[in-house]
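**Student:** Sequence:
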Amino acid sequence: MKAKAIRIEKNGGPEVMRMVEVEVPDPGAGEIHVRNTAIGFNFIDTYHRLGRYPVQLPSGLGTEGAGVVEAVGRGVRDLKVGQHVVYLSRPSSYAELVAIPADSASVVPAGVSDRIAAASYLKGMTAEFLLRRTHRLKKGDTVLLYAAAGGVGLIFLQWARSIGATVIGVVSTDAKARVARANGAAHTIVTSKQNVVKRVRQLTGGKGVDVVYDPVGKDAWNQSLQCLRMFGLMVSFGSASGLIEPVDINGLANLNSPFITRASLNQYGGTKELRRASSRALYGLVRKGAIKVQVGKTYPFTEAGVRQLHTEAEARILTGSALLIP
Numbered sequence: 009m010k011a012k013a014i015r016i017e018k019n020g021g022p023e024v025m026r027m028v029e030v031e032v033p034d035p036g037a038g039e040i041h042v043r044n045t046a047i048g049f050n051f052i053d054t055y056h057r058l059g060r061y062p063v064q065l066p067s068g069l070g071t072e073g074a075g076v077v078e079a080v081g082r083g084v085r086d087l088k089v090g091q092h093v094v095y096l097s098r099p100s101s102y103a104e105l106v107a108i109p110a111d112s113a114s115v116v117p118a119g120v121s122d123r124i125a126a127a128s129y130l131k132g133m134t135a136e137f138l139l140r141r142t143h144r145l146k147k148g149d150t151v152l153l154y155a156a157a158g159g160v161g162l163i164f165l166q167w168a169r170s171i172g173a174t175v176i177g178v179v180s181t182d183a184k185a186r187v188a189r190a191n192g193a194a195h196t197i198v199t200s201k202q203n204v205v206k207r208v209r210q211l212t213g214g215k216g217v218d219v220v221y222d223p224v225g226k227d228a229w230n231q232s233l234q235c236l237r238m239f240g241l242m243v244s245f246g247s248a249s250g251l252i253e254p255v256d257i258n259g260l261a262n263l264n265s266p267f268i269t270r271a272s273l274n275q276y277g278g279t280k281e282l283r284r285a286s287s288r289a290l291y292g293l294v295r296k297g298a299i300k301v302q303v304g305k306t307y308p309f310t311e312a313g314v315r316q317l318h319t320e321a322e323a324r325i326l327t328g329s330a331l332l333i334p
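Heads up, the sequence shown is in the numbering used here, so the first residue is 9 and it goes up one at a time.
Among the clues, some could well be false.
To be verified - Estimated spans, in silico, between C-beta atoms of each pair:
hint, residue 1, residue 2, range
1, Lys146, Arg26, 47 to 55 Å
2, Glu17, Arg324, 23 to 31 Å
3, Ser272, Glu322, 18 to 26 Å
4, Glu281, Ile333, 27 to 35 Å
5, Asp256, Ser121, 47 to 55 Å
6, Glu281, Gln202, 36 to 44 Å
7, Ala37, Lys300, 34 to 42 Å
8, Pro66, Thr269, 29 to 37 Å
Think of the hints as simulated: they come from the structure by calculation, not from any bench.
Glycine is no exception: its CB is placed at the ideal position from the N, C-alpha and C atoms.
Please work from the sequences and hints to get the whole structure.
**Tutor:** This is the structure we're talking about:
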């Protein structure tokens, strides 16, 4: 069966993404076909395109989507044709139709739309493992969160608010600061006009925060370490500004003897059981209204639409979760 899909043959800017027609093989054993109704965007998609996280070329792009099961392969028993599912995939979800392992998909719960599911699945599971498993966030904790008005950030803020934790959100503009505060940030720091370390020290009475959650990487690393309290936890979960330079571990003794982890969904969501438990926790709060998923700008699933999305994402002008709509 033929379908349109985005492919890259070399690494580079948004212009390397091209819409092509591909042959989608029949689902093999343990696989399903999903006709996408909404395709999620995550910043890691730009890393794959740029080659920051290498993929074998030529390659597709995109790691999540939602849609309708069109066919099931041999041995698939827990999913049926016609069901609406949300899924994670290897870089390939920028497509009209995908063949994916059935174990990578979860049924979209009643009361949750495909667009909400595609906008929140990877981002929501990321927020879940950050605040429930990388560190068990509790009432009274004070944490620093970068990219607080982004897709992960807005879910994290609402979840943390429901727990009773205090979140200081780091953003790039006043407009994003307003969005972050509306979603649960107790305080915001606008990097274009405030010093992050100085402001954190002011807000915490000189103590520092319990945890720093950092998807920025290179540009934020050193200042993030300076924001921690003694024996605080530094959680790196992305590298939007570039890969972190090698760390001189001996130098950490002169700071605050921090704990450091590089947290990834590859491990925290490494099995079907972990992913489905995480998504149940997420969508339970969505259905209760404790988390309202912010579907941001939507883009048509065309070559021009995909390129525009990546261009605007890298210009840091997006808030919430952007989607591609076939």
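**Student:** Does the beta carbon distance between glutamate 281 and isoleucine 333 stay inside 27 to 35 Å, or does it fall outside?
**Tutor:** holds (31 Å)
**Student:** That 36 to 44 Å hint for glutamate 281 and glutamine 202 (C-beta), does it hold up?
**Tutor:** holds (43 Å)
**Student:** Starting from the range 23 to 31 Å, see whether the pair glutamate 17 and arginine 324 falls in it by beta-carbon distance.
**Tutor:** holds (27 Å)
**Student:** Is 47 to 55 Å respected by the C-beta to C-beta distance linking lysine 146 and arginine 26?
**Tutor:** holds (48 Å)
**Student:** Could one say that the CB atoms of alanine 37 and lysine 300 fall in the range 34 to 42 Å?
**Tutor:** holds (39 Å)
**Student:** Range hint 18 to 26 Å: satisfied by the CB atoms of serine 272 and glutamate 322?
**Tutor:** Holds, at about 22 Å.
**Student:** Does the hinted range 29 to 37 Å hold for proline 66 and threonine 269 at CB?
**Tutor:** Given about 34 Å between the Cβ atoms, the range holds.
**Student:** Does the Cβ-Cβ separation between aspartate 256 and serine 121 fall within 47 to 55 Å?
**Tutor:** holds (48 Å)
Violated hints for the displayed structure: none, as all numbered hints are satisfied.
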